[in-house]
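*Asks:* Sequence:
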Amino acid sequence: MYRSETARAAPPGSSVHTAIVDAAVTCIRQHGIERASISAIALRAGVSRPTVYAYFETRDALVGAAMERTAADVAGRVVASARRRARTAAEFAVEALVVARREFRKEPAFYPISHARTDPWAVDQQLTEEALAMTRAILAPIVDYDPRLEPHLDEITETLVRWLLSLLMYDTPRTSTEPKLRAYLRRVVVLPQIGHE
1 MYRSETARAA
11 PPGSSVHTAI
21 VDAAVTCIRQ
31 HGIERASISA
41 IALRAGVSRP
51 TVYAYFETRD
61 ALVGAAMERT
71 AADVAGRVVA
81 SARRRARTAA
91 EFAVEALVVA
101 RREFRKEPAF
111 YPISHARTDP
121 WAVDQQLTEE
131 ALAMTRAILA
141 PIVDYDPRLE
151 PHLDEITETL
161 VRWLLSLLMY
171 DTPRTSTEPK
181 LRAYLRRVVV
191 LPQIGHE
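Residue numbers (the working numbering): 1 to 197.
Hints in this document: simulated from the structure, not taken from any laboratory.
There may be inaccurate statements among the hints.
[Claimed, not checked] Computed list of lysine to aspartate or glutamate pairs in EDC-like fashion (alpha-carbon distance at most 20 Å, straight line):
id, residue 1, residue 2
1, LYS180, GLU91
2, LYS106, ASP22
3, LYS106, GLU68
4, LYS106, GLU57
5, LYS106, GLU95
6, LYS106, ASP146
7, LYS180, GLU103
8, LYS106, GLU150
9, LYS106, GLU34
10, LYS180, ASP60
Every value quoted in this text rests on a predicted model; they were computed, and no experiment measured them.
Construct the entire structure; sequences and hints are all you get.
*Replies:* So, in structure tokens, the structure goes:
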């Protein structure tokens, strides 16, 4: 969920590019986004600072690539888990929220997003066009369950992102464990949907 800038030189598939992005992910996980410097990333990747800049014009471009990689990994796990458990579009939404909350909370790179109340960087990143587009791709399987939802997928995506952010920041007795969260979401997502069919 980061505004990425374009990479400058080598193709993203090159081994040096991959090593730099891997190093950036590790630095962000260990030290946070604000303290993941080009120098630290270069050192971890075993390259020079000029080499990093040959692949990425700015630190923001590199951080964006690292966050996109991390988000893609998380997205894959969310979709796979939601597809295994869901039989309907509403169940897919519930499972996606449950798994996404788990994944965001355990992924150190997403700390700013899951603690947005206290991190000014995260406030600017959560509902960007890039963030919504990435989330829309994760939620696209909802249409496989109910093709009538396709024209509404953008609104569904924005609503579920807003719910996820709330679930990341605030726990209540209804949401304190995954079984409780799943039951709560089934009551507020699945049951109302059944009444409108």
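*Asks:* None of the hints should be skipped; say for each whether it holds.
*Replies:* So, going through the hints one by one against the coordinates:
Using a Cα cut-off of 20 Å, the hinted pair LYS180 and GLU91 holds, with the two alpha carbons roughly 15 Å apart. Of the supplied pair hints, the one linking LYS106 and ASP22 holds, its CA atoms being roughly 18 Å apart against a limit of 20 Å. Our distance criterion of 20 Å between C-alpha atoms is met by LYS106 and GLU68, whose separation comes to about 17 Å. A C-alpha spacing of about 30 Å is found between LYS106 and GLU57, which places the hinted pair above 20 Å, so the restraint is violated.
Proposed proximity of LYS106 and GLU95 is supported: the alpha carbons are some 17 Å apart, at most 20 Å. For the suggested pair LYS106 and ASP146, the alpha carbons sit about 31 Å apart, so the restraint of at most 20 Å is broken. Among the hinted pairs, LYS180 with GLU103 is consistent with the structure: their alpha-carbon atoms are about 17 Å apart, no more than 20 Å. As the CA atoms of LYS106 and GLU150 are separated by approximately 31 Å, the hinted pair breaks the 20 Å bound.
Between LYS106 and GLU34 the alpha-carbon distance is near 19 Å, which keeps this suggested pair within the 20 Å criterion. Proximity of LYS180 to ASP60 is assessed by CA-CA distance (about 38 Å); at most 20 Å being required, the pair is judged violated.
In summary, the numbered hints that this structure violates are 4, 6, 8, 10.
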